[in-house]
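Since the structure of chain A is provided, determine the placement of chain B on it from the hints.
Residue numbers (our numbering), protein chains in the order written: chain A, 1 to 266; chain B, 267 to 524.
Bear in mind the hints are in silico, worked out from the structure with no lab data behind them. For glycine and all other residues, C-beta sits at the position ideal for the given N, C-alpha and C. Do not rely on the hints blindly, as some may be mistaken.
What the hints assert, rightly or not - Partial list, derived from the structure: chain B residues whose beta carbon lies under 7 Å from chain A:
hint, residue
1, GLY289
2, ALA292
3, LEU303
4, SER306
5, VAL308
6, GLY312
7, LEU386
8, SER389
9, ALA430
10, ASP432
11, ASN438
Said to hold, decoys possible - Far from chain B by the CB rule (all over 10 Å, computed), these chain A residues:
hint, residue
12, GLY55
13, ALA96
14, LEU134
15, THR146
16, ALA230
Next come the chains, spelled out residue by residue.
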Amino acid sequence: MGAGRLYVAVAAGGFRRYATYRAATAAGVFTNTVFGLILVYTYRALWDQRPHLGGWDQSQVVTYVWVGQAFLSTLAIGGGGVENELMERIRTGDVAIDLCRPADLQLWWLATDLGRAFFQLLGRGAVPFLFGALCFPVYLPTDAGTWIAFFVAVLLAMLVGFGIRYLVALSAFWLLDGTGVTQMAWLAGFFCSGMLLPLNVFPGTLGEVVRALPWSSLLQAPAQILLGHADPLGTYAFQGAWAVALLGAGRLVQSAATRRVVVQGG
Amino acid sequence: MIAGMWVRSTMAYRASFVMTTFGNFAATMLDFVGIMLMFSRVNALGGWSLPEVAFLYGLSGLAFGLADLVIGSMERLGRRVRDGTLDTLLVRPAPVLAQVAADQFALRRLGRVVQGALVLGWSLPRVDVDWTPLKLLLMPVMVVSGCGIFCAVFVAGAAFQFLAQDASEVQNAFTYGGTTLLQYPPTVFAKELVRGVTFVLPLAFVNWLPATYVLGRPYPLGLPGWVAFAPPLVAVGCCALAGLSWRAGLRSYRSTGS
Numbered sequence: 001m002g003a004g005r006l007y008v009a010v011a012a013g014g015f016r017r018y019a020t021y022r023a024a025t026a027a028g029v030f031t032n033t034v035f036g037l038i039l040v041y042t043y044r045a046l047w048d049q050r051p052h053l054g055g056w057d058q059s060q061v062v063t064y065v066w067v068g069q070a071f072l073s074t075l076a077i078g079g080g081g082v083e084n085e086l087m088e089r090i091r092t093g094d095v096a097i098d099l100c101r102p103a104d105l106q107l108w109w110l111a112t113d114l115g116r117a118f119f120q121l122l123g124r125g126a127v128p129f130l131f132g133a134l135c136f137p138v139y140l141p142t143d144a145g146t147w148i149a150f151f152v153a154v155l156l157a158m159l160v161g162f163g164i165r166y167l168v169a170l171s172a173f174w175l176l177d178g179t180g181v182t183q184m185a186w187l188a189g190f191f192c193s194g195m196l197l198p199l200n201v202f203p204g205t206l207g208e209v210v211r212a213l214p215w216s217s218l219l220q221a222p223a224q225i226l227l228g229h230a231d232p233l234g235t236y237a238f239q240g241a242w243a244v245a246l247l248g249a250g251r252l253v254q255s256a257a258t259r260r261v262v263v264q265g266g
Numbered sequence: 267m268i269a270g271m272w273v274r275s276t277m278a279y280r281a282s283f284v285m286t287t288f289g290n291f292a293a294t295m296l297d298f299v300g301i302m303l304m305f306s307r308v309n310a311l312g313g314w315s316l317p318e319v320a321f322l323y324g325l326s327g328l329a330f331g332l333a334d335l336v337i338g339s340m341e342r343l344g345r346r347v348r349d350g351t352l353d354t355l356l357v358r359p360a361p362v363l364a365q366v367a368a369d370q371f372a373l374r375r376l377g378r379v380v381q382g383a384l385v386l387g388w389s390l391p392r393v394d395v396d397w398t399p400l401k402l403l404l405m406p407v408m409v410v411s412g413c414g415i416f417c418a419v420f421v422a423g424a425a426f427q428f429l430a431q432d433a434s435e436v437q438n439a440f441t442y443g444g445t446t447l448l449q450y451p452p453t454v455f456a457k458e459l460v461r462g463v464t465f466v467l468p469l470a471f472v473n474w475l476p477a478t479y480v481l482g483r484p485y486p487l488g489l490p491g492w493v494a495f496a497p498p499l500v501a502v503g504c505c506a507l508a509g510l511s512w513r514a515g516l517r518s519y520r521s522t523g524s
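Pulled out of the complex, with its shape left as it was, chain B reads as follows:
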């Protein structure tokens, strides 16, 4: 309902809505333009071809875009904690998490989702894949679990903002930084970094691990084959942990009193 309210309020300025949605689309497209410019100079990056990188990019963009659409407003929490307007949400008879997520719900973030889907669609007929039912089934599973993992990162970041009210930019490093990282093949990065995003902050399960299975490439870090099917479990685990940290954060909240 709150989300619907925000949609109606943005629709009051239709021209502005169209412009900002296009702007979001263009802003995310810029990343891909950068990748295409790189490929204007080389045939492969880290041993991966342009369609394969586009495949990774599309999956990461789609999963992140959906998470951003659902729950991206979380980054505004720091400001609400600082200026005390979070109190308004606490007294309403609805879950605070849902309210914060719907706060300033911006349909213009669809631009990012559309862009990710377009790049993925472009890559699909161009990647060299023997499609099996299992691989086809893995595609939607990847997008949904990836979205879940990114949602967990957003919620955990918001929980952190209860502690560090002014530090919402740290969250950007994990959300926007995470999706940027996943747009490139794992072979590009140092082993320690790949290990970090596999075992510590399991972003690798968004696209790297399942996509290596689909594309029939060797697994990073010599991981066993079944990890390609682990994303749903990882997503559920991450969401549970993020939920716990959110509750802990909310308990520790003391209003500014202003």
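Chain A extracted, bound-state conformation:
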């Protein structure tokens, strides 16, 4: 089997595995919809006071909210992707088995996570987004080009998201208990990705800093393309640079970990 086909199979496995949790998916859809509703009303109150805040009108903000709810679990912005499982495997020592496989550790987990992300996008993201689009006046681009550009940005966001979470997971080689790191990653992810408040609303220097950090590739960057507020090529360059940097760092840390760290016995 060619290497490419192996990883496609792994990704398909990831997709199917998450597809089996039907009740959990339905529950997640419900929860995302409720939180989306609350956010829509609060953001609309904000934009009532300051129309055109951040260059958006009301319908664009509403679209942003539902994109955010669709991406929350797709990109595991608050955590909850494959990194939890990898951390557990590192803690128990099962990761030794993964290292013996004739596949690259990072690519293996990337493939699993992409499979998971695609399922979450279809299974958990699409329904709240459709609900939002049907119940509220939303801004949606009418040309196919913008949609394609948007989905390319979503793919790059998946890579960046995995890059961040892979580094979080690898910290378990040294720390064993990843609770603290996971929590910090959750806080940073929520604050810096624009889940808490769109990044174009952040004031002054704080805004400039958060918009330059990797998390802005996750939600803000694809959303800006969808809302017609960003040049796709510039956005791809930004996301791509972060993806390369993070995945490269993941590779370095991984080789350091497998060379020096003693795997836990069971």
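Same frame as chain A, but now just chain B:
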């Protein structure tokens, strides 16, 4: 006793306890940072000023934090039903509800309580209120009844998990979603939504209705003034209903047998 056991077990890793408590504090603080960022761009949200929103936020956070501390472990029930470990609790000579509540009792959830209390404390000298004995008395009543209402939501959610074992996230929509909703003024939301959380799932009694009285604002939905004093009754009613649904849920429980 079970709660004490869990406290002792977490205290075995003091550094981890401090970190996770701080983490809980920071995680809930983040919501408020979001609100402050909004107010860096506007002076009022839905016609309410920052201290007034902080007043709502603190009350909601405090009531929810206390409920979460007492009974927040309920969300783990789904897993126990699924993997059959609930059976262990059924054979012990103690009420199952108390055992589930004390299961994984986490003192680190104090972080949320402290954060709510701090925000409330910050808002109190800044809101424009003519304090009367009645208003002062209403403050602790609000926190206790609010805690009761949230406890009822947790228990009802747990009862639902007997039916839908894999769907613990639905509970999050009502618990975490509920407290997030109450952090913002009722004027922000659509009338139907306000009606829903007043008459169907009476979360509005946690802070919206009593707080409008304290702040001297017009009542949402044109409700009469006395509803500000209804929270204790509503809390008792909710707890009774939640208790009944818990019993029904427990009766319908069939072990996985594994």
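Outcome of the hint check:
At its closest, the beta carbon of GLY289 of chain B sits 4 Å from a beta carbon of chain A; the interface hint therefore holds under the 7 Å criterion. Because the closest C-beta pair between ALA292 of chain B and chain A is about 6 Å apart, less than 7 Å, the hint holds. Because the smallest distance between the Cβ of LEU303 of chain B and any Cβ of chain A comes to about 5 Å, under 7 Å, the interface hint for this residue holds. Contact between SER306 of chain B and chain A, as hinted, is supported at the beta carbon level, the nearest pair being about 5 Å apart and thus within 7 Å.
For VAL308 of chain B, the interface hint holds, the least distance from its beta-carbon to any beta-carbon of chain A being 4 Å, beneath 7 Å. Because the beta carbon of GLY312 of chain B sits about 5 Å from the nearest beta carbon in chain A, less than 7 Å, this interface hint is met. Hint status for LEU386 of chain B relative to chain A: violated, with the closest Cβ pair at about 20 Å, above 7 Å. At a threshold of 7 Å, the smallest CB-CB gap from SER389 of chain B to chain A is about 18 Å, leaving the interface hint violated.
The interface hint given for ALA430 of chain B is met, as the beta carbon of that residue sits about 6 Å from the closest beta carbon of chain A, less than 7 Å. For ASP432 of chain B, the shortest C-beta to C-beta distance to chain A is roughly 4 Å, which falls under 7 Å, so the interface hint holds. Interface hint status for ASN438 of chain B: upheld, as the beta-carbon distance to the closest one in chain A is roughly 5 Å, under 7 Å. No Cβ of chain B approaches the Cβ of GLY55 of chain A within 10 Å, the least distance being about 13 Å, so the stated non-interface status holds.
Listed as a non-interface residue, ALA96 of chain A keeps its Cβ farther than 10 Å from every Cβ of chain B; the least gap is roughly 25 Å. No beta-carbon of chain B is positioned within 10 Å of the beta-carbon of LEU134 of chain A; the least distance is around 15 Å. Against chain B, the non-interface label of THR146 of chain A holds: every CB pair exceeds 10 Å, the least being about 28 Å. No Cβ of chain B approaches the Cβ of ALA230 of chain A within 10 Å, the least distance being about 21 Å, so the stated non-interface status holds.
Violated hints for the displayed structure, listed by number in ascending order: 7 and 8.
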